[in-house]
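K.L.:
Chain by chain, the residues:
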Amino acid sequence: MPVPQFLLDLLALLYALAIPAASLTLVAAGLSLRSEGGMNFHVNGKTGKWLMWTIILLTVPEILHWIGAQGINIPSNPGFISASWISTVSTAFQKFVDLIITNFVPVAAAFMVLKATLDTAAGDNPLSSVIAAIFLLAIPATKSMMQGWNSGSDTATTDMLQSFWNYIANQVMPAAAGLAVVGAVASFVQKRPFMRYIFAALGFLCLTGLNQLVKAMANT
Amino acid sequence: MSFDGGITHLASWGGNVIMPTLSGLFFAGAVYRYSKGGAFEQLLYGGFASLLCSGMLRTLESFVTNAGATNADAYWLALVTFVSYVGNVILPMFALTQFGAMALHMGGVLNEIYPGSVWIRKFIAGVGALMVSGILRFAESMVTQAHGL
Numbered sequence: 008m009p010v011p012q013f014l015l016d017l018l019a020l021l022y023a024l025a026i027p028a029a030s031l032t033l034v035a036a037g038l039s040l041r042s043e044g045g046m047n048f049h050v051n052g053k054t055g056k057w058l059m060w061t062i063i064l065l066t067v068p069e070i071l072h073w074i075g076a077q078g079i080n081i082p083s084n085p086g087f088i089s090a091s092w093i094s095t096v097s098t099a100f101q102k103f104v105d106l107i108i109t110n111f112v113p114v115a116a117a118f119m120v121l122k123a124t125l126d127t128a129a130g131d132n133p134l135s136s137v138i139a140a141i142f143l144l145a146i147p148a149t150k151s152m153m154q155g156w157n158s159g160s161d162t163a164t165t166d167m168l169q170s171f172w173n174y175i176a177n178q179v180m181p182a183a184a185g186l187a188v189v190g191a192v193a194s195f196v197q198k199r200p201f202m203r204y205i206f207a208a209l210g211f212l213c214l215t216g217l218n219q220l221v222k223a224m225a226n227t
Numbered sequence: 013m014s015f016d017g018g019i020t021h022l023a024s025w026g027g028n029v030i031m032p033t034l035s036g037l038f039f040a041g042a043v044y045r046y047s048k049g050g051a052f053e054q055l056l057y058g059g060f061a062s063l064l065c066s067g068m069l070r071t072l073e074s075f076v077t078n079a080g081a082t083n084a085d086a087y088w089l090a091l092v093t094f095v096s097y098v099g100n101v102i103l104p105m106f107a108l109t110q111f112g113a114m115a116l117h118m119g120g121v122l123n124e125i126y127p128g129s130v131w132i133r134k135f136i137a138g139v140g141a142l143m144v145s146g147i148l149r150f151a152e153s154m155v156t157q158a159h160g161l
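Protein sequence lines, in the order shown, are assigned to chains A and B.
Basically the numbering used here = 1-based index in the first sequence + 7.
Basically the numbering used here = 1-based index in the second sequence + 12.
These aren't lab readings, by the way, just hints derived from the structure by calculation.
Quick caveat, the model's predicted, so the values are computed rather than measured.
Hints may be right or wrong, so weigh each one.
Stated by the list, open to error - Quick list of in silico lysine-lysine cross-link-like pairs, BS3-like style, CA-CA up to 30 Å:
1) B:134 / A:198
2) A:122 / A:198
3) A:122 / A:53
4) A:122 / A:56
5) A:53 / A:150
6) B:48 / A:198
Stated by the list, open to error - Chain A regions said to be covered by chain B (calculated; three or more residues, Cβ under 8 Å):
7) 138-146
8) 165-179
9) 183-196
10) 207-220
Unchecked claim - Coverage of chain B stretches by chain A, computed from C-beta distances (three or more under 8 Å per stretch; other residues unrestricted):
11) 18-27
12) 70-78
Here a beta-carbon is modelled for each residue, glycine too, at the ideal position from N, C-alpha and C.
Please construct the entire structure, taking both the sequences and the accompanying hints into account.
P.N.:
So, in structure tokens, the structure goes:
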């Protein structure tokens, strides 16, 4: 029995909304990152969940292909929307996401910078807000980068998670080690504990090695 | 703009722009503390450390590179190198300062002219206050000319 055109249009709409929706989940992840501390994230917290949803949305076709490969009949992506009103919904959503990314996100990042100055005045660490601001401003580049990690295979979701971990461990954390050294000097001058920053910087620089160490511990 | 690029620029700005600028403030604070007979070493060393943020990061990176960053023993080997560095590089330098102080005490220099006496301290603090920029330039030149060990 052929699939009704209306359902095919809805399916095409869902495919069309997935990629723009990933931008929105990244915005939510950036805002959650600040509320979870900025320099850290909560295990099973909102930041992780929004990033997971971003990866899921970016790999929807591969997930559906995997489900189809298990013997469950999944209609393939129709590629276009025949009903004009549904097509209008898709276009409007895309424009809404563009509006959020180009107009709202820079303002939200600016408020994060404001928050950083207020945090400093209150005696708190301004880095929490600054890092969240950088995350928000980098959303278009982050999304493009994550799309580039899509292997196109049935395991694209986990492949993208793996690439994301590699990116954090090999690109972001070595840069964070520099921040840790600055933090160590600042703490030393203020007679606060500073050695934890040095040990943390060493950990940031060899995160992959630490992962290998834990794997070896688990496997022996 | 990428996220990792942003974090790198932030670390570079903090380590290479802000901290070297603040080192002048730390040296000035050290001179003031010294004039009052207070503990000034933290600010003095902090001034040097502020000029050395990049150098310290490169040192930590070399510890990890030596160990092999993807090696399961990377953290342990980096710590071993760190401990070895402290024991075989930092402490021998510290020993030299102790032997220098010992020689001064043995020669009776510090009995005749005690640096802790008020008039000497005020004189040194006054001279230091007049040449904080010079102290900073001197510290910068030492850091610039420093070589990796």
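K.L.:
Next step is simple, just say for each hint if it's right about the structure.
P.N.:
Right, here's what the structure says about each hint:
1. B:134 / A:198: holds, 25 Å
2. A:122 / A:198: Given pair residue 122 of chain A, residue 198 of chain A holds - Cα atoms ~26 Å apart, limit 30 Å.
3. A:122 / A:53: The hint holds at about 20 Å.
4. A:122 / A:56: holds, 24 Å
5. A:53 / A:150: Holds, at about 18 Å.
6. B:48 / A:198: Holds. Residue 48 of chain B to residue 198 of chain A sits at ~18 Å (cutoff 30 Å).
7. 138-146: holds (count 5)
8. 165-179: Three-residue rule met by the segment 165-179 of chain A, so holds; n is 3.
9. 183-196: With 11 residues in contact (Cβ-Cβ under 8 Å with chain B), the coverage given for the segment 183-196 of chain A holds.
10. 207-220: holds (count 10)
11. 18-27: With 8 residues in contact (Cβ-Cβ under 8 Å with chain A), the coverage given for the segment 18-27 of chain B holds.
12. 70-78: Check passed, 4 qualifying residues.
No hint from the list above goes unmet by this structure.
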